[in-house]
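> Add chains B, C, D, E, F, G and H to chain A, keeping to what the hints say.
There are 8 protein chains.
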Amino acid sequence: MPDKLTKIMEQFDKGKIDIFTALAQISNSNGIENIGFARIDHDRKSRCGFPEFIYGASKTIEQLCKIVPTLIKKQSPVLVTRLDADKGKALKKKFPQGEFDELARVFIIRQKSQKHGNVVVLTAGTSDLNVALEAKYTLESCDIGVTMISDVGVAGLHRLLGEIESFKNADAIIVVAGMEGALPSVVGGLVSCPVIAVPTSVGYGAAMGGIAALLGMLNSCASGVTVVNIDNGFGAACAATRIIQNARRKSEK
Amino acid sequence: MPDKLTKIMEQFDKGKIDIFTALAQISNSNGIENIGFARIDHDRKSRCGFPEFIYGASKTIEQLCKIVPTLIKKQSPVLVTRLDADKGKALKKKFPQGEFDELARVFIIRQKSQKHGNVVVLTAGTSDLNVALEAKYTLESCDIGVTMISDVGVAGLHRLLGEIESFKNADAIIVVAGMEGALPSVVGGLVSCPVIAVPTSVGYGAAMGGIAALLGMLNSCASGVTVVNIDNGFGAACAATRIIQNARRKSEK
Amino acid sequence: MPDKLTKIMEQFDKGKIDIFTALAQISNSNGIENIGFARIDHDRKSRCGFPEFIYGASKTIEQLCKIVPTLIKKQSPVLVTRLDADKGKALKKKFPQGEFDELARVFIIRQKSQKHGNVVVLTAGTSDLNVALEAKYTLESCDIGVTMISDVGVAGLHRLLGEIESFKNADAIIVVAGMEGALPSVVGGLVSCPVIAVPTSVGYGAAMGGIAALLGMLNSCASGVTVVNIDNGFGAACAATRIIQNARRKSEK
Amino acid sequence: MPDKLTKIMEQFDKGKIDIFTALAQISNSNGIENIGFARIDHDRKSRCGFPEFIYGASKTIEQLCKIVPTLIKKQSPVLVTRLDADKGKALKKKFPQGEFDELARVFIIRQKSQKHGNVVVLTAGTSDLNVALEAKYTLESCDIGVTMISDVGVAGLHRLLGEIESFKNADAIIVVAGMEGALPSVVGGLVSCPVIAVPTSVGYGAAMGGIAALLGMLNSCASGVTVVNIDNGFGAACAATRIIQNARRKSEK
Amino acid sequence: MPDKLTKIMEQFDKGKIDIFTALAQISNSNGIENIGFARIDHDRKSRCGFPEFIYGASKTIEQLCKIVPTLIKKQSPVLVTRLDADKGKALKKKFPQGEFDELARVFIIRQKSQKHGNVVVLTAGTSDLNVALEAKYTLESCDIGVTMISDVGVAGLHRLLGEIESFKNADAIIVVAGMEGALPSVVGGLVSCPVIAVPTSVGYGAAMGGIAALLGMLNSCASGVTVVNIDNGFGAACAATRIIQNARRKSEK
Amino acid sequence: MPDKLTKIMEQFDKGKIDIFTALAQISNSNGIENIGFARIDHDRKSRCGFPEFIYGASKTIEQLCKIVPTLIKKQSPVLVTRLDADKGKALKKKFPQGEFDELARVFIIRQKSQKHGNVVVLTAGTSDLNVALEAKYTLESCDIGVTMISDVGVAGLHRLLGEIESFKNADAIIVVAGMEGALPSVVGGLVSCPVIAVPTSVGYGAAMGGIAALLGMLNSCASGVTVVNIDNGFGAACAATRIIQNARRKSEK
Amino acid sequence: MPDKLTKIMEQFDKGKIDIFTALAQISNSNGIENIGFARIDHDRKSRCGFPEFIYGASKTIEQLCKIVPTLIKKQSPVLVTRLDADKGKALKKKFPQGEFDELARVFIIRQKSQKHGNVVVLTAGTSDLNVALEAKYTLESCDIGVTMISDVGVAGLHRLLGEIESFKNADAIIVVAGMEGALPSVVGGLVSCPVIAVPTSVGYGAAMGGIAALLGMLNSCASGVTVVNIDNGFGAACAATRIIQNARRKSEK
Amino acid sequence: MPDKLTKIMEQFDKGKIDIFTALAQISNSNGIENIGFARIDHDRKSRCGFPEFIYGASKTIEQLCKIVPTLIKKQSPVLVTRLDADKGKALKKKFPQGEFDELARVFIIRQKSQKHGNVVVLTAGTSDLNVALEAKYTLESCDIGVTMISDVGVAGLHRLLGEIESFKNADAIIVVAGMEGALPSVVGGLVSCPVIAVPTSVGYGAAMGGIAALLGMLNSCASGVTVVNIDNGFGAACAATRIIQNARRKSEK
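Residue numbers (the working numbering), protein chains in the order written: chain A, 1 to 253; chain B, 1 to 253; chain C, 1 to 253; chain D, 1 to 253; chain E, 1 to 253; chain F, 1 to 253; chain G, 1 to 253; chain H, 1 to 253.
Extracted from the complex, chain A is given alone in its bound form:
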């Protein structure tokens, strides 16, 4: 490879190849695993702080059964999200060392690891539990500690106030809420740690599949609340992981 790279550089230097050809030739030398219908990005953890996970929604069970072993082989934890029951059970059968949680729609094969930090996952109602669980499994796959607190929506404010001590010292709080999505505004006004809001599709009519909650959270009157896509417990967990792992790297320097 050195020879090849030296050659690329010489050509670029002499103007024989342009900048993007140079980039392309170098890019070609990296460790992506191309299995035809997918390219597995084994370096994602070093680059982004969490390994490559698998979005299961639109993949066939055949495709999943080809991707999973590429991760197992590398001792990476396996996390497949948005699995219906049929696909989840098929994966469980094929890889019995894993777990399938039908409510969370997640299949997971854990790797032993030490947990870091503490992310509190709050839900406004019982119906938001599936999204909160997706966040929980993702955090665990990222080696992050998790505390779950359920059913503390704003219509019964004392339920939330009674738990302040449990969440005000978190490294980050993930707030999962549907309907009007008011909980993150209230939480954001109570704490100084990062607050990541996850709107859910819980509700009907003018809830519009979570759009109402999403808009509510984007317009939060509590400053510094950030938002992810509707039902995206996974993304909120990755965002919390970025916060915790980046701070750890910084403090370790």
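These are calculated hints, taken from the structure and not from any lab test.
Please read all numbers here as calculations on a predicted model, not as lab measurements.
Yeah, the Cβ is synthetic: ideal placement off N, Cα and C, and Gly gets one too.
Just so you know, not all the hints are guaranteed correct.
Some chain H residues judged to face chain E by a derived CB distance under 7 angstroms, without partners named [what the hints assert, rightly or not]:
1) V186
2) G209
3) A212
4) G216
5) N219
6) S220
7) C221
8) A222
Here chain D is said to cover these stretches of chain E; the calculated rule only asks that three of the stretch's residues, wherever they fall, bring their Cβ under 8 angstroms from a Cβ of chain D [what the hints assert, rightly or not]:
9) 48-62
10) 186-192
11) 209-219
Just chains B, C, D, E, F, G and H now, with coordinates in the frame of chain A:
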């Protein structure tokens, strides 16, 4: 008139005129004042519990100057809403006995009257004040007592909690809030009186001119909160008036 | 507990704990029943005027079977809304003292009680009946009297006019309508009592699942009409309950 | 020309030119007046039943001053719609034989003609008057008789019922309404003649610039109501003209 | 009844009852058939020009089986729209004299009658056929003559041009089109008769269930095209019926 | 036919028939095959550069079985898109010389032909594969060469950069992407050939069925990227065919 | 105060006051400064990690001139956002120790302080600069270090790649982009630190005032990117402040 | 530089730097001109086929006056789009060798060049002219030949058919249309060359600022029509340039 009505009835009875012709002929006998471009409904108070008010937004100053005297003549209070400064000042000049509030965009000529009941008008932020004032002037024109409490949005929950005693015994609470519109949910969970939510157009971007607050309020997790149009302080006040005046009529029977 | 509270107060007083810690510690002392995935709010009736009801849409039958007994135990009426046939029948089997109405999608266990007031529930068409029934069961669970009047939409105006006597003296009118949602505007112009509009998802195409009716009702030219979420018969009933029970409390004072 | 056409036909017949080339060559022979930036369609009246009118909104005053004379020259009536005050006054100055109505935003130069039929234009409120006037001027330019009835919205039903006799025998009714747009549903249920609904942009907030009224009208529970674009008084008038002129042609045969 | 009416009139005349009570009492005397969950409007034909038809979408088969006989009894044609296959077949079994068309989702029991007028129903594509058939059955139930012309969308313009002779002399043209909904604009520019556009839900993605076609038709550059709801072949047929029957009534006078 | 055409021309020339009647009569003479519910446009290839293909989504299997033979008979390739598995398998059984690809939802009967040009089809993720395959089959039916490159989305930029050499010399690039649809912007900034973006419905929540990707692509900061409908691999392929075949025709002249 | 609090506790303990009355009475004892139209929250910094800032958009200059001194008095930095030029200049005149940046629409009075951490603010284009500056001023008011990198949008990828070294070690990256909003996805795939995306209203047409960028960012294929409201540079800065200050507090413990 | 590059390569080769650091260091060596608030991409023409143009909408006149000279210096043509009159005239004054077209909102400084190819720009109406002109100026700056054909919308089909010969042999057709945006569908069915549709914001009400036309074009029933953003004449011209220049490069090889 009796003769005319008897004749209508006879014709309807003999099948010579149909039901709607009969209705039409009777309707023609009522006391609407037709001034060409508008028909003043002087009986609205006896029918709906509040007099005819004037939506000023798309009326010319000439039209307004023709409508106002028809109300003065009947000793009805005058309330013109959604007036820009030019039209408001012109009305004030023409009818100096009235008041024009530029922030509320309201022109009002009061009639002496006794106030009944107590409606609390809460605002989430200072920016919601104009809408709250529209509600206040309307309530006053309907002979309803008003208490204003400003800037108690959910991002500083103790501001609201500190005022519970002031509003929990109201006849009705009008909650005015923009951005995510979370305040009515919190209030609805704290009190048992009627709660009318008014979304405002305060905010930007994904607030979408008040749509975010409107959707939030429609999806309130606090049961029994009702909603009116964006920035519709007037409508909320009329709704509160219906509640209070109807209860009075009932209790007086 | 007195000792604990005195200690909280002392610490807060000396500045050792902040306002929210104080709130939290007090909140912790209230009577929420935490059953893990849900926190049952047994004091809701004293606070909001109606007991805690159960939103059945996204709860599993296992979860429902755990929540229902906590309410029975307290002699609270049980109302589970938005139940599909499978879950409804399972509940009926488990709690044979209750009723399941498949059209209304409601499971109810009644408590003997005296009814107060009279709420009229109007529907524009036969297709709006399921939402009207949800309102009816909710009102009954709140001890409110109900009168149902069906199929009086505005395309045949005499159907409605012929019923004026039945509804103009109500304590509140709940108007349930889909498609263009015009009925509340017409009713609001005929009566002085509170009018609560419920848009339904009846219709197709540009009805957009009830959005057309919702927007129509929010823009009602009849002043003082308030609106709840699409298909939210439950919420309209709670709003009517707030109106009636609050007036009763006031008049009893 | 005959020679040219014969030649086209021969070529098409021998397969030397294709169908669209033939169409193109024939199309080229018709009486469009090409003035560079616009092509005046002088045959529109014979084809569609009304002459070419001018959409003034996005045309410069220079362009308008070039188009108007091409119509005058042909003794066609001139109707320019959606003119702001500056352009309207400039046209009036240039063509003093015309009239400019600032409220309707219409400039018109009439041709003497006999009126046919009777179109009733109903408005829900005073604020809808500008759109109704656009319809009126257009109908007059199409030689159709017009009756205007204003401010008969559904919140005061007896205002409308009192006018039934005036509109139930119309050749067509144009119903102009903003806000919730309920009037066409009520009218459509009262009459058997064609009803054309025009939503207006009157209102605010959830009226969304007329979308609420538009959706309401499209979902009218009164069968056989048709709808045109928001504020499109012009289009409604053209539709009514099609109805009346087509019936006249038929009956004259 | 005369006595009762006389009494109403007297009371109204003496101010003992108000205008709406009078209306109500008269309305009560008309011929609506109240069967509990529905009120059959037997006078609709005399009032609106077509009899009461049945919207089948959200009615149960039990409800339908109770409504149909009330119409049969009055020798009215029966038309039930938006029936799924199960309900349609059940009706056919119960009322074997009727027909069920699964593509059109229509059940019909015809009454012998003479046809009047000629409505041309054009479809842009084969996929729009179901909506066109709903229009056809409705027109037949209204005693109107129908001509169907299929698959003449604008992407192959000569298909349409080749049929001009068939449709340019119609009493009205119903143009049924999905996707971009361009056909009514082209047709509207070719003919002078009334053009009623029906957007269909044919298409995917940005067709948004017919919204794209609906918007296209509302913005048609061909003047005087009117529009009905998405997939509303029924409504377009009723509108055409209003046009033809009203002209007949007029010409018969 | 010559006689008939000559006669048309004479009549038009003498003003006995108008321009559109002339067009109609000529249009009638062209080679559309009318099979009742559909009109097969056998000349589309000569006119548009690709033959008539069949949109299978809303056609019945009976209709498809009547249309396919009309194309086979003319030696045209057969391409039926948007077929569900049942219809696809039925077609395969009836026409065993064809292929059915369930993922692409395409049925194809190929004609031997020479391929021209090279279109690169890029997909952002594995989930976009079905749309990419629809493009591929369409290109093959249009005699265009295809190169597929999968799973090169922007979150792992080096995957894309490593492939620059493969796509920068294409005749056109079709970029298929869901979620935020960012890939076309990046590709458009790297190459000078035509870039056609296809948004897909991959994603959930705020992806809104592909609307997010569609809007993203329409607002691409890379100039000169064009867009087709969501999931419209077929349309992108036709657009690429227009580009390549038109250039060939030009260069052959 | 101790006496008062002891009394509250006793009453609550004996059941004489309910939980919320207790909360209310305690809340009343905290240090909110009520200036009538607004309640200044001086404890926000200790609670949320940043002081109270002022949303200037809908406040009058009179209101602003009353609020600013309350902050100055407490030695809090002053930051007023969303000021138009008139209000900004008036503030500058009144409080000459401050700065007004017209592009950023920000008025700021700084307090001397030490900066912590490093937030990189990336903009896709020059047009996004105003939003980026709002973020910068806010970060500075929160005592956070800032690095600005402009005009590195994805259409010229090498502009971004050439800056990787400058941003990959940030404590957090704020990515500001309009149009399709693709930049956060690309950045999120390159780095492991927290990425906060700010959609801007830059663009036209289908950019829909920033909705396109917002949707794009919410659907980012790079995991763990969080989003704030359109043009909300302020909120992104507060979110970054929460991340950095929380980590500092944690590491200091 | 060679030394530097060799060093990068060695480090990457030994694993001392990762792939993106290598990319970054190479990217840093390219010819972007960084002028602080903007980075001028002088190599865009060689990469994308057209030079860097300037989006003027949100740039200040000061910024524009700094960017323009960097392009002049390189003998690149200058094209500034979306300029209001003030900024356009200021530029014209500063750079008198340029032209400012107020209707097109474009400032242009031409470079002598040979034109290639022929792009036909069709407009549906006179109101679409400004967008068509933006396309024309852009094409000229890209050295492409242009033919303009105006006001050939589908409501007068013979206007379009009469011009077929002028456009059916184009290298590409740009079709500019507002309102329902039907013209591209008709054109796409008539020709085999590439068709690029540009929706415009011409219209009102349900035109929704061009959304109606945009949706219409995306759903075109004519296969292979591609679409750009609303009013984006510039982008359509760049797309046409990609088509023509790529074909030239190919044919020259």
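> Decide, hint by hint, whether the structure agrees.
Consistency of the hints with the structure:
1. V186: Since the shortest Cβ distance to chain E is 5 angstroms, the answer is holds.
2. G209: violated (11 angstroms)
3. A212: holds (4 angstroms)
4. G216: Since the shortest Cβ distance to chain E is 4 angstroms, the answer is holds.
5. N219: Holds, about 4 angstroms.
6. S220: holds (5 angstroms)
7. C221: holds (5 angstroms)
8. A222: This hint holds: A222(H) lies near chain E, its Cβ roughly 4 angstroms from the closest one there, short of 7 angstroms.
9. 48-62: Check passed, 4 qualifying residues.
10. 186-192: holds (count 5)
11. 209-219: holds (count 3)
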